[in-house]
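Here is how the chains run, residue by residue.
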Amino acid sequence: MDEHDEEVPIFRTWPRIYAAVIVCAVVVMALIGVFSKWPW
Amino acid sequence: MTGLDWAVLLVYLVAIVAFGVWAGRGNKRIDDFFLAGREMRWWAVGLSVMATQISAITFIGTTGQAYVDGMRFLVVYFPLPFAMVILCLTLVPFFYRARVYTAYEYLERRFDARTRTLTSLLFLCSRGLSVGVTLYAPSLVLSVILGWGEATTILAMGGSTILYVLYGGNKSVIWTDVVQMLIIWFGIFLCFGMAIAQLPADVRLPDALALAQTTGRLRVIDPSPSLTRPYTLWSGLIGGLFLMLSYFGADQSQVQRYLSGSSLTQSRLSLLFNAFLKVPMQFLILLTGALVFVFYHFHAVPLLWNPVALARLERAAGAELQPLRARFERAQVERQQAAEAFARERHQKGGGDPSPYLAAGAELDAARRDVVRLYEAKTGESYTDTNYIFPTYILTHLPRGLAGLVIAVIFAAAMSTLSGEFNSLATASMIDFYKRFVRTAGGDAHELLVSRVLTAFWGLFACLIALQAGRLGSAIEVVNRFGSYFYGSILGVFALAVLTPQASARGAFWGLLIGMASVYLVATFTAVHFLWYNVVGTMAVLASGLAITTLAPER
Numbered sequence: 001m002d003e004h005d006e007e008v009p010i011f012r013t014w015p016r017i018y019a020a021v022i023v024c025a026v027v028v029m030a031l032i033g034v035f036s037k038w039p040w
Numbered sequence: 041m042t043g044l045d046w047a048v049l050l051v052y053l054v055a056i057v058a059f060g061v062w063a064g065r066g067n068k069r070i071d072d073f074f075l076a077g078r079e080m081r082w083w084a085v086g087l088s089v090m091a092t093q094i095s096a097i098t099f100i101g102t103t104g105q106a107y108v109d110g111m112r113f114l115v116v117y118f119p120l121p122f123a124m125v126i127l128c129l130t131l132v133p134f135f136y137r138a139r140v141y142t143a144y145e146y147l148e149r150r151f152d153a154r155t156r157t158l159t160s161l162l163f164l165c166s167r168g169l170s171v172g173v174t175l176y177a178p179s180l181v182l183s184v185i186l187g188w189g190e191a192t193t194i195l196a197m198g199g200s201t202i203l204y205v206l207y208g209g210n211k212s213v214i215w216t217d218v219v220q221m222l223i224i225w226f227g228i229f230l231c232f233g234m235a236i237a238q239l240p241a242d243v244r245l246p247d248a249l250a251l252a253q254t255t256g257r258l259r260v261i262d263p264s265p266s267l268t269r270p271y272t273l274w275s276g277l278i279g280g281l282f283l284m285l286s287y288f289g290a291d292q293s294q295v296q297r298y299l300s301g302s303s304l305t306q307s308r309l310s311l312l313f314n315a316f317l318k319v320p321m322q323f324l325i326l327l328t329g330a331l332v333f334v335f336y337h338f339h340a341v342p343l344l345w346n347p348v349a350l351a352r353l354e355r356a357a358g359a360e361l362q363p364l365r366a367r368f369e370r371a372q373v374e375r376q377q378a379a380e381a382f383a384r385e386r387h388q389k390g391g392g393d394p395s396p397y398l399a400a401g402a403e404l405d406a407a408r409r410d411v412v413r414l415y416e417a418k419t420g421e422s423y424t425d426t427n428y429i430f431p432t433y434i435l436t437h438l439p440r441g442l443a444g445l446v447i448a449v450i451f452a453a454a455m456s457t458l459s460g461e462f463n464s465l466a467t468a469s470m471i472d473f474y475k476r477f478v479r480t481a482g483g484d485a486h487e488l489l490v491s492r493v494l495t496a497f498w499g500l501f502a503c504l505i506a507l508q509a510g511r512l513g514s515a516i517e518v519v520n521r522f523g524s525y526f527y528g529s530i531l532g533v534f535a536l537a538v539l540t541p542q543a544s545a546r547g548a549f550w551g552l553l554i555g556m557a558s559v560y561l562v563a564t565f566t567a568v569h570f571l572w573y574n575v576v577g578t579m580a581v582l583a584s585g586l587a588i589t590t591l592a593p594e595r
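Chains as they are written, first to last, in this note's numbering: chain A, 1 to 40; chain B, 41 to 595.
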């Protein structure tokens, strides 16, 4: 079975899910950076 | 451990073995045994990939690391999502379309038999030895903390894992990994919640975070450009990227998990599932360690976290220890008072002066360093007890039943890694050696039997190494070091295979050897941190492989 046989859940296309992973990774890193510097 | 804790642990062990055997029924061919019939869904494979990566020593070691040094270790995981995307675009489609059982099998199709054999042999040697260490390290900690014999813990963990992997192969591995990963997630949330709930009533979570932050425990990003400092932002992002690419792209224990997907889509989704969840999970584990650090501001800290070492020190040092103990206990009281005053000041004035608290903390650290120095002087051995911190917290401060559950979580973390490794070692020996050189077509029943014999062999070999590991001493370090020499180099061979169509088999084979030699030289003659070895290995293989291809073309 090839990758074209199945739809990508939620994101529908591969470029979208890859972009979502990268955006999510950058946001998580930024949030962790903010968390560690936050004036608790 | 109370009776209830023992019951929880026993129920876990019996239930997971029974479930593993049940889930693994119906294997008729090695395709079923090694690749779960190539019919697994992404979420099951994704949880299995995650469970294989998180070993017991990762679980107890990283919490201890956060307690001692802070959360800097997290940077190693930052590039994981990027590595997953790169692998989904490059190696995964090649592996999947080639219908291979092992990653190294693909190298014979692209290059030649000797490159495949060498890479597979390197995997068997290093993973075969390191699986013994994977079993030994948590067994040692648990046996000391629980007061068991090492052999009991090794046989409970290793023996029960062998039982279900031997019977059910990769189906058992993946389905038990799913259950074990859910147990591990539950354990992480439980420990995180308990660490917060057990803070004193007048110390709120922001106060605890402020205390952890003041001592640098919340510091994740170290922008230092130094190549020798551990876990800087750059070594994490660059070295960590190569490490993750090597581990998920060229290590059979991971490749085999996602080759079990029912389609290329399912295999890719399993990796992207990890890309979304892995960093937050590791963050939570490390933050739990930082909160345990604050928790011990308000509860007695043992002189040494390893109770066996402490008893030995008490016997060896006698009266010499008393002044150090008195100083340590005094420093603890002072740190607790300073921490409470700091929190009080924050409540009343919205901010506090951290310097008395920092001074009290520094005095406690200095007192502890003197105790460790005395231990090392009396025994002639170096001492570290980072891995004992979290298990001590679990057993001494978690309520009845929950302690047993968290010990079961540590067992789950160890067994989920071991099962994947036993299965992948058996696969590489069967596919890359037995079926390649001994008997190419033996029939389904024969091949299944040999696969089970090989699984039993690697399981027993791991137990044997673990049972002897205490006597091997520095050999364990050699094993770990040996693994880091070739990890990046093997990635370099796969990079040559998929990124450079012109690369020759000769270039790949000799490039691999030159890559390993380069890492050996860097490791021996420089103080560069080990995360950079993967970069050195990969780049050396790529450069030398391409140079050999150009300068000595194959006729």
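Any given hint could turn out to be false.
Here are the computed distance ranges between Cβ atoms for each label pair [as the list claims (entries may be wrong)]:
1) A/Ala30 to B/Asp405: 29 to 35 Å
2) A/Ala30 to B/Phe226: 49 to 55 Å
3) A/Thr13 to B/Asp242: 50 to 56 Å
4) A/Ala30 to B/Leu44: 30 to 36 Å
Quick partial rundown of chain A residues pointing at chain B, CB under 10 Å, derived from the structure [said to hold, decoys possible]:
5) Glu6
6) Val8
7) Tyr18
8) Ala20
9) Val26
10) Val28
11) Phe35
In short, the hints are calculated from the structure, not lab data.
All of these numbers come straight from a predicted model, not from anything done at the bench.
Where is the CB? At the ideal position from N, CA and C, for every residue including glycine.
We went through each hint and held it up to the structure:
no. : hint                            : verdict
1   : A/Ala30 to B/Asp405: 29 to 35 Å : holds (32 Å)
2   : A/Ala30 to B/Phe226: 49 to 55 Å : violated (28 Å)
3   : A/Thr13 to B/Asp242: 50 to 56 Å : holds (53 Å)
4   : A/Ala30 to B/Leu44: 30 to 36 Å  : violated (44 Å)
5   : Glu6                            : holds (4 Å)
6   : Val8                            : holds (7 Å)
7   : Tyr18                           : holds (5 Å)
8   : Ala20                           : holds (8 Å)
9   : Val26                           : holds (9 Å)
10  : Val28                           : holds (5 Å)
11  : Phe35                           : holds (7 Å)
Of the hints listed earlier, those the structure fails to meet are numbers 2 and 4, in rising order.
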